[in-house]
Amino acid sequence: LLYFIEKYSPKLAPWQKELVRIVRKVAQYFYPQTQTKVMNEGWATFWHYTILNRLHEKGLVNDGFMMEFLQSHTNVVSQRGFDERGYGGINPYALGFAMMSDIRRICEKPTDEDRRWFPDIAGGDWLKTLDFAMRNFKDESFISQYLSPRLIREFRFFAISDHQANPKLEVAAIHDDEGYRDIRRLLAAQHNRDNLVPDIQVVRFNRDTDRSLVLRHLKSRGRPLAAEDAEQVMKHLARLWGFRVRLEETEPDGTVSSYREQDPPNA
25 LLYFIEKYSP KLAPWQKELV RIVRKVAQYF YPQTQTKVMN EGWATFWHYT
75 ILNRLHEKGL VNDGFMMEFL QSHTNVVSQR GFDERGYGGI NPYALGFAMM
125 SDIRRICEKP TDEDRRWFPD IAGGDWLKTL DFAMRNFKDE SFISQYLSPR
175 LIREFRFFAI SDHQANPKLE VAAIHDDEGY RDIRRLLAAQ HNRDNLVPDI
225 QVVRFNRDTD RSLVLRHLKS RGRPLAAEDA EQVMKHLARL WGFRVRLEET
275 EPDGTVSSYR EQDPPNA
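Okay, so the sequence shown: first residue is 25 according to this note's numbering, each after it adds one.
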């Protein structure tokens, strides 16, 4: 959207378009990092913990240093329970560190369960396994591939179904083989960027009439846009575009179910 505005906005001056370009390029640079939050933080905390423990074993840092480090590290990777005060969702540091550590455990000291779930890495070289995971996965696929039943139990994960067609909440996945697979799939889906960021596309620019811009939101799994967020985004888009902006919401079959319009300020 910013690229289209940068190239075709009828109202923006060249210097204003350059500012839009800078914002777009910065966002583009950080785009991959939004898909590797768990892995980035897990990789950093795992090696921080591993290296400092090795230094302590060799006598290169003293006990006081380690106590200070462990206090800081524990605070970073702590995970509150869903029913605890202050719970704010799954801590990516906690999940990432736990998964990196668990991969090493599966390689070094696999259980029968590990051998059944991870036959390709159980008993293998943990350094090569971690290196492969780090280089070839993003959060969604990393969780889908490496989240173990043991970690699901330790984090006390379970799945709740809250489909709008069902008037009641349903516990949809617990700690059994089928539940482990469902929980892993659902948790991976929560880290899929396509499920987090709405798909909004430019479908028409009425250049020869009122210069209005028409956007279309393709609903994902029947979820509409958050009304307050959409309203704020529309205000900013209309200001950048300089003329009326129309945003349509479409169903999977392509029909337009609703729309909103926004004029620029002082229009």
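Among the clues, some could well be false.
As the list claims (entries may be wrong) - Straight line, CA to CA, 25 Å or less: simulated SDA-like cross-link-like pairs of lysine to any residue:
#, residue 1, residue 2
1, 162, 83
2, 259, 26
3, 61, 153
4, 61, 73
5, 61, 97
To be verified - Restraint-style ranges between C-beta atoms, simulated for each label pair:
#, residue 1, residue 2, range
6, 201, 26, 14 to 22 Å
7, 74, 112, 22 to 30 Å
8, 85, 152, 21 to 29 Å
9, 235, 152, 40 to 48 Å
Think of the hints as simulated: they come from the structure by calculation, not from any bench. Using N, Cα and C, we set each Cβ at its ideal position, and we do this for glycine too.
Results for each hint:
no. : hint                     : result
1   : 162 with 83              : violated, 36 Å
2   : 259 with 26              : holds, 14 Å
3   : 61 with 153              : holds, 19 Å
4   : 61 with 73               : holds, 18 Å
5   : 61 with 97               : holds, 17 Å
6   : 201 with 26: 14 to 22 Å  : violated, 46 Å
7   : 74 with 112: 22 to 30 Å  : holds, 27 Å
8   : 85 with 152: 21 to 29 Å  : holds, 28 Å
9   : 235 with 152: 40 to 48 Å : violated, 58 Å
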